[in-house]
Amino acid sequence: YLYYQPVVSDHPIKSEPPATGRVRTLVRVRPPLRHETTNDACVSVLSDAQTVKWLQSDGERSISFQTAVGSPATQSDVFIACGLPSIVREFVRHGSPATVMAYGQTGSGKTHTMTGPEEGLGAQPDDPMKSVSPNIREVLEEIRKEHIARQGLIPRTARMLFEEIEKRRQAEPSDSLIVEVSYFEIYNESVRDLLRPSTTTFPIRASGNGFVAEGVSNFICKNSSDVITAFVHGAANRTLGSHALNDESSRSHCVFTLTLINESREGGFISSLILVDLAGSERLKKSKTSTVEGIAESSSINWSLHILSRVVSALSSRDTQHVPYRDSSLTKLLMHNLNDSESSIVIVACLSPSTQMMDESVNTLEFASKACNIQSKVKRNSLGTAPTRALGQLKSKNEQAQQEIQKLRMMLGHK
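Heads up: the sequence shown runs through residues 53 to 467, numbered per the working numbering.
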């Protein structure tokens, strides 16, 4: 794929766009793939790095966003442009929660944006390479730099997270900071643990102001290498498939969560930074999927993305009284962060430039445009004092007990 070849940005993004208090939405238009042609491209980003232009049968259309980037943009440009440096800093300093999602049709570059190429995913900037000769070290250094340059949002977030944690520990030696990771996929509305793969699926239970996947593995990570190792292990267990639009199409939504626990006596908190690689929307006519299993997968993916779009529409409207979080597993599990008006949300809308994908590209732009209207003000997610935490734990256990009682009553035939 041309998309996976290293590119150099003509206009590198060196600073984040100013925060406007809204959800951060970045539009990324990938370059044509080898089986596509430049003459087939009908979507482009203008030189103002904000306006996306496309051609339809009835004429030219355009829409502006906070930031829009085209094929010259590097992975570093995207990381900066969507505001992740400041989000990670606030996450470490104050426990400000955040959700980052890559949204778009199948084959639009979501996994590349979130992850980058598989080779070199674990490359680290501080790898000493002391055991090799100087000549070989020089060659390996160039390869390592290229691998790092191609890494996506998730490995970059992991590295910056521990850089900020180290700064925090130096400034506040008494702080106890713990990082936990979990990684699961939502396949046909069922939750599967990617860190401990099995045929077991995990129930989604109400918890506090949202829902959790009960029983999914959580692992403590001591550095960014631990995080990336866990991610690489989990990514190898994702459900993939092949069809006419994509040789390696994600057949599930993948949710990678970084949980930060600050156990200091004053100002402690527990918070999460959720990174979501959404499966791509697709039409059976174009994907040419004909198996029963493939049709069921496509239907499930399209349904959950439809519900996510309805949730975003509801959150964008001041008049809406009901937000349909409970209508899909994806929106249930994102409910806590999406429903918190003081949580940061980043949406990277990924587009194909191809004329054949024009309808899907327009749908993605409409989704991104609606998301811009969600208001978001960041606050610290306080862990609270010991009595407050204990009360919260008791309330949570009471909720679980009530749910179990209700289930037993239903099994016994009671009302």
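Because the hints were derived from the structure by calculation, they are not lab data. Each hint should be verified, as a subset may be incorrect.
Stated by the list, open to error - Below, computed lysine to aspartate or glutamate pairings styled on EDC-like, alpha-carbon distance capped at 20 Å:
id, residue 1, residue 2
1, K219, D245
2, K422, E345
3, K197, E170
4, K197, D227
5, K274, D371
6, K422, D411
7, K105, D371
8, K274, E241
9, K197, E215
Unchecked claim - FRET-style restraints, in silico, Cβ to Cβ:
id, residue 1, residue 2, range
10, P255, D371, 28 to 36 Å
11, K197, N275, 14 to 22 Å
12, S116, S351, 45 to 53 Å
13, E215, A258, 49 to 57 Å
14, I347, T252, 40 to 48 Å
15, A201, R248, 53 to 61 Å
16, A258, H358, 32 to 40 Å
17, F254, E112, 22 to 30 Å
18, S228, E266, 57 to 65 Å
All C-beta atoms in this analysis are idealised placements derived from N, C-alpha and C, irrespective of residue type, glycine included.
Hints, one by one, checked against the model:
1. Taking the CA atoms of K219 and D245, the gap is about 32 Å. The hint is violated against a cut of 20 Å.
2. Pair hint K422 plus E345 does not hold up; C-alpha atoms about 32 Å apart against a cutoff of 20 Å.
3. For the suggested pair K197 and E170, the alpha carbons sit about 15 Å apart, so the restraint of at most 20 Å is met.
4. Between K197 and D227 the CA atoms are separated by roughly 33 Å; this puts the pair beyond 20 Å, and the hint is violated.
5. A distance of roughly 45 Å separates the Cα atoms of K274 and D371; the hinted pair therefore is violated under the 20 Å criterion.
6. With a CA separation close to 17 Å, the supplied pair K422 and D411 stays within the 20 Å bound.
7. Proposed proximity of K105 and D371 is contradicted: the alpha carbons are some 31 Å apart, above 20 Å.
8. The hinted pair formed by K274 and E241 fails the criterion: a straight-line CA distance of about 32 Å is larger than 20 Å.
9. Our distance criterion of 20 Å between C-alpha atoms is met by K197 and E215, whose separation comes to about 18 Å.
10. A hinted range of 28 to 36 Å for the beta carbons of P255 and D371 is consistent with their spacing of about 34 Å.
11. In this structure, K197 and N275 meet the distance hint of 14 to 22 Å, their C-beta atoms being roughly 20 Å apart.
12. At about 34 Å, the CB distance of S116 to S351 disagrees with the hint of 45 to 53 Å.
13. At roughly 36 Å, the beta carbons of E215 and A258 sit outside the given window of 49 to 57 Å.
14. Evaluation of the 40 to 48 Å hint for I347 and T252 yields a failure: the beta carbon distance comes to about 25 Å.
15. Distance hint check: the CB atoms of A201 and R248 are about 32 Å apart, inconsistent with the given range 53 to 61 Å.
16. Separation of A258 from H358 is about 23 Å and departs from the stated range, judged on CB atoms against 32 to 40 Å.
17. Roughly 48 Å separates the CB atoms of F254 and E112, a value that falls outside the hinted 22 to 30 Å.
18. Remark: the range hint 57 to 65 Å for S228 to E266 is contradicted by a beta-carbon distance near 26 Å.
The structure shown violates the earlier hints numbered 1, 2, 4, 5, 7, 8, 12, 13, 14, 15, 16, 17 and 18.
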